[in-house]
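Engineer: Each chain is listed here by its residues.
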Amino acid sequence: MDFELSDDQRDLAEAIRRLCQGRLPLAELRRRERTVHAVDRDGWAALGGAGVFAMTVPEADGGLGLGLADAAVIFEELGAGLVPGPLVATFLAAGRIDGAADGSAVVGVVERPGTADRSSDVLPTVVEHLDDLDVLVVLDGSGLAVVDPTSVEATPLDGSLDPLTPLWALSRLPAGEPLGGPTEAARWSRDGAALTAAIQVGLARWACDRAVDYAKERHQFGRPIGSFQAIKHLCADMVVRTEVARAAVHAGALTVDQPDVGDAQRAVAGAKLLADEAALANSRTAIQVHGGMGFTWEVPVHLAAKRARVHASQFGTVDDQASALAGGF
Amino acid sequence: MDLRPTPSEAAFRTELRQWLAAVLPTLPPKPPAHDWPARRAYDTGWQRMLFDAGYAGVDWPAEGGGRDASPVEQLIFKEELERAHAPYVGVNFVGLLHAGPTIVAEGNADQRARYLPPILRGDEVWCQGFSEPDAGSDLASLRTRAVRDGDEYVVTGSKIWTSHAEVADYCELLVRTGPDDSRHKGITWLIMPMDAPGIEIRPLETIAGSTEFAELYLDEVRIPAANRVGGENDGWRVTMVTLSFERGTAFVGDLLEAIELLDQAVALARRTGAWDDPGVRRQAGHLRAELDALWALTRRNVSQAARTGVPGIGGTVFKLAYTETRQRLGEFSLGLLGRCGLAATAPEPLDGGGPLPTATMVEDWLRGISLTIAAGTSQVQRNIVAERILGLPKEPPAAGGGR
Chain A
1 MDFELSDDQR
11 DLAEAIRRLC
21 QGRLPLAELR
31 RRERTVHAVD
41 RDGWAALGGA
51 GVFAMTVPEA
61 DGGLGLGLAD
71 AAVIFEELGA
81 GLVPGPLVAT
91 FLAAGRIDGA
101 ADGSAVVGVV
111 ERPGTADRSS
121 DVLPTVVEHL
131 DDLDVLVVLD
141 GSGLAVVDPT
151 SVEATPLDGS
161 LDPLTPLWAL
171 SRLPAGEPLG
181 GPTEAARWSR
191 DGAALTAAIQ
201 VGLARWACDR
211 AVDYAKERHQ
221 FGRPIGSFQA
231 IKHLCADMVV
241 RTEVARAAVH
251 AGALTVDQPD
261 VGDAQRAVAG
271 AKLLADEAAL
281 ANSRTAIQVH
291 GGMGFTWEVP
301 VHLAAKRARV
311 HASQFGTVDD
321 QASALAGGF
Chain B
1 MDLRPTPSEA
11 AFRTELRQWL
21 AAVLPTLPPK
31 PPAHDWPARR
41 AYDTGWQRML
51 FDAGYAGVDW
61 PAEGGGRDAS
71 PVEQLIFKEE
81 LERAHAPYVG
91 VNFVGLLHAG
101 PTIVAEGNAD
111 QRARYLPPIL
121 RGDEVWCQGF
131 SEPDAGSDLA
141 SLRTRAVRDG
151 DEYVVTGSKI
161 WTSHAEVADY
171 CELLVRTGPD
181 DSRHKGITWL
191 IMPMDAPGIE
201 IRPLETIAGS
211 TEFAELYLDE
221 VRIPAANRVG
231 GENDGWRVTM
241 VTLSFERGTA
251 FVGDLLEAIE
261 LLDQAVALAR
271 RTGAWDDPGV
281 RRQAGHLRAE
291 LDALWALTRR
301 NVSQAARTGV
311 PGIGGTVFKL
321 AYTETRQRLG
331 EFSLGLLGRC
341 GLAATAPEPL
351 DGGGPLPTAT
361 MVEDWLRGIS
371 LTIAAGTSQV
381 QRNIVAERIL
391 GLPKEPPAAG
401 GGR
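Protein chains in written order, with the working numbering: chain A, 1 to 329; chain B, 1 to 403.
If you are wondering where the hints come from, they were derived from the structure by calculation, not from laboratory data. In this text the structure is predicted, and so the values were computed from the model without any measurement. Take the hints with a grain of salt, since some may be wrong.
[Said to hold, decoys possible] Sample of chain B residues facing chain A (criterion: CB under 7 angstroms; computed from the structure):
id, residue
1, Arg67
2, Arg183
3, Gln304
4, Leu320
5, Ala321
[As the list claims (entries may be wrong)] Pairwise CB distance ranges, derived in the manner of DEER restraints:
id, chain 1, residue 1, chain 2, residue 2, range
6, B, His184, A, Glu217, 27 to 37 angstroms
7, B, Arg270, A, Asp121, 26 to 36 angstroms
8, B, Thr377, A, Pro25, 53 to 63 angstroms
9, B, Arg121, A, Glu59, 54 to 64 angstroms
10, B, Arg270, A, Glu28, 46 to 56 angstroms
11, A, Gly222, B, Gly341, 42 to 52 angstroms
12, A, Glu28, B, Pro278, 39 to 49 angstroms
13, B, Ala53, A, Val261, 24 to 34 angstroms
From the three backbone atoms N, C-alpha and C, an ideal C-beta is built for every residue, glycine too.
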């Protein structure tokens, strides 16, 4: 047993961190705020070229032949880079939908209402990034279906909470062409939750780093605010949430790769729950540490708080996961 | 990352499991909670069984007579003992986990030969004299004074939170040998025989009604200078060296116990009907997520220790998270009992089923309160995380004190 990251995993993470900083820096990403096209197609292709989407595709099929745990390490970096777009859906589609693996296609996913705990006769379905999608996959308990994104009746929603996640409301979802059955749908739900959780850990880490940097440089009462225990304890709690969630995410993804070590469904559900909580709480805390500046559009910490809410709504909410875990007793 | 056991780890586990299955049924009945001489006999008897089987000091280095097991084997050892409901380390805690490892690392040849084998065999019991009524989180301000007189130290002062003092043979004692304001630089580590004249032991009852702690009053207790471990005024460093033996396994038993307590709570919720409430089910699911994650974090911390040979900061992160999760578990469990959770004695259940787990849950709730205080309060732990991991600046020292 060795639950530490391997040197290869560390190198991979470092490479993706550099790629994000060089090719998809936050200042560039922010130029697309509040537009309907948050996805930079060249950047998407660069991620594809680095193997981000094809990590678990077998080498014989042109992928990297790695495990979901390796992918989780990478997706944490994408989260910490605040990279927008349907990263997880495109990853899940790699090897099944043309162009997903190499990043030449952008694939989105929408969960059909009724698959989660709560469905509604009042609230329409909401889908992200519709105008950037080449393919939309509809996921429900019975299987996967492919839909042409230009064929759906959709109304753009102004004022998307996350300025880099444009949203559309769908009054109805077409049936689409079948892509997979219940087994594959279950795999998408499980692996999607694991990698979304990894992104949330990245957001949690990024928010903590921003808060700590600010607490070191911002002076009040003649000292850095980070020397006050009230601020220190907020920051320490951010570290704790991040570290606990990361261990859970790595254990969840690794249990998918090594099914004999535990119950993958349970491990992933716990990971998503804790990673959602870490991202939501850390991003809110980071705004608090920034004081009034944290409430300005210019200072980017609000982006993490908003993105975290988007991801918390995908592949099962905190409450959905808690209910699922309770079902395992 | 690999969560699968190596062949040698699997073999270690199998052998241990077989041994436990063979010996645990031969144990005598557990003694009453307040009968300390009987508890000493029970705990040291178990230690002797471990010793005879080659499992004493699993985590000690070979030069101290230990097994020098890898961090992963130490994890397996604690995991298997807890799962098999083997006795706790009990009165052997300070000897095996603290005083012994200190003497292994810092004692001289005579001290090692004299004190280590009896700890491993369960022949001698140790207690700890570190904290003082006025030196808790700020341990370096301790004031128990030791004055050199020929080849002896004459020690006067008081200590608190000394566990198992009544049945201990020796005490690992921190004393002030430097000037009053010398803080970390004027502390010395002494071995105090508990039968020396001038020691008064006053038991300290906890809010849980337990009596494992005591206050020690030391009035001109004479301790041979040969009982000093490390140099005079070097006791702080000696104490810190001991902490470097930690391999991320300090809470393994507690965590597995918590996982079992959650199962018990869910069983109770099903029995009372509370399980029909989705809110109750989600609370249980949430606690399961937290406990599973803490088990993953334990494996991560142990793996880090195995790679680097030293404990990482992960132990502090773990303690902060675990202690609060455990308190939430205590609240959840006690809440399921309704007003029957207001007394430790279980009333006769109305369903005619087995006894209610009231005593366990009331005691666990009470003991849980100590978790965010003992071995460094959560507030001090947060300062450590903020300053040592995040590099946030220290608070300017208050007038007349400082860190």
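Engineer: All hints, please: hold or fail.
Structural biologist: Right, here's what the structure says about each hint:
{"no.": "1", "hint": "Arg67", "verdict": "violated (18 angstroms)"}
{"no.": "2", "hint": "Arg183", "verdict": "violated (20 angstroms)"}
{"no.": "3", "hint": "Gln304", "verdict": "holds (6 angstroms)"}
{"no.": "4", "hint": "Leu320", "verdict": "holds (5 angstroms)"}
{"no.": "5", "hint": "Ala321", "verdict": "holds (5 angstroms)"}
{"no.": "6", "hint": "B:His184 <-> A:Glu217: 27 to 37 angstroms", "verdict": "holds (31 angstroms)"}
{"no.": "7", "hint": "B:Arg270 <-> A:Asp121: 26 to 36 angstroms", "verdict": "holds (33 angstroms)"}
{"no.": "8", "hint": "B:Thr377 <-> A:Pro25: 53 to 63 angstroms", "verdict": "violated (42 angstroms)"}
{"no.": "9", "hint": "B:Arg121 <-> A:Glu59: 54 to 64 angstroms", "verdict": "holds (57 angstroms)"}
{"no.": "10", "hint": "B:Arg270 <-> A:Glu28: 46 to 56 angstroms", "verdict": "holds (54 angstroms)"}
{"no.": "11", "hint": "A:Gly222 <-> B:Gly341: 42 to 52 angstroms", "verdict": "holds (50 angstroms)"}
{"no.": "12", "hint": "A:Glu28 <-> B:Pro278: 39 to 49 angstroms", "verdict": "holds (44 angstroms)"}
{"no.": "13", "hint": "B:Ala53 <-> A:Val261: 24 to 34 angstroms", "verdict": "holds (28 angstroms)"}
Violated hints, in rising order: 1, 2, 8; the structure is consistent with all others.
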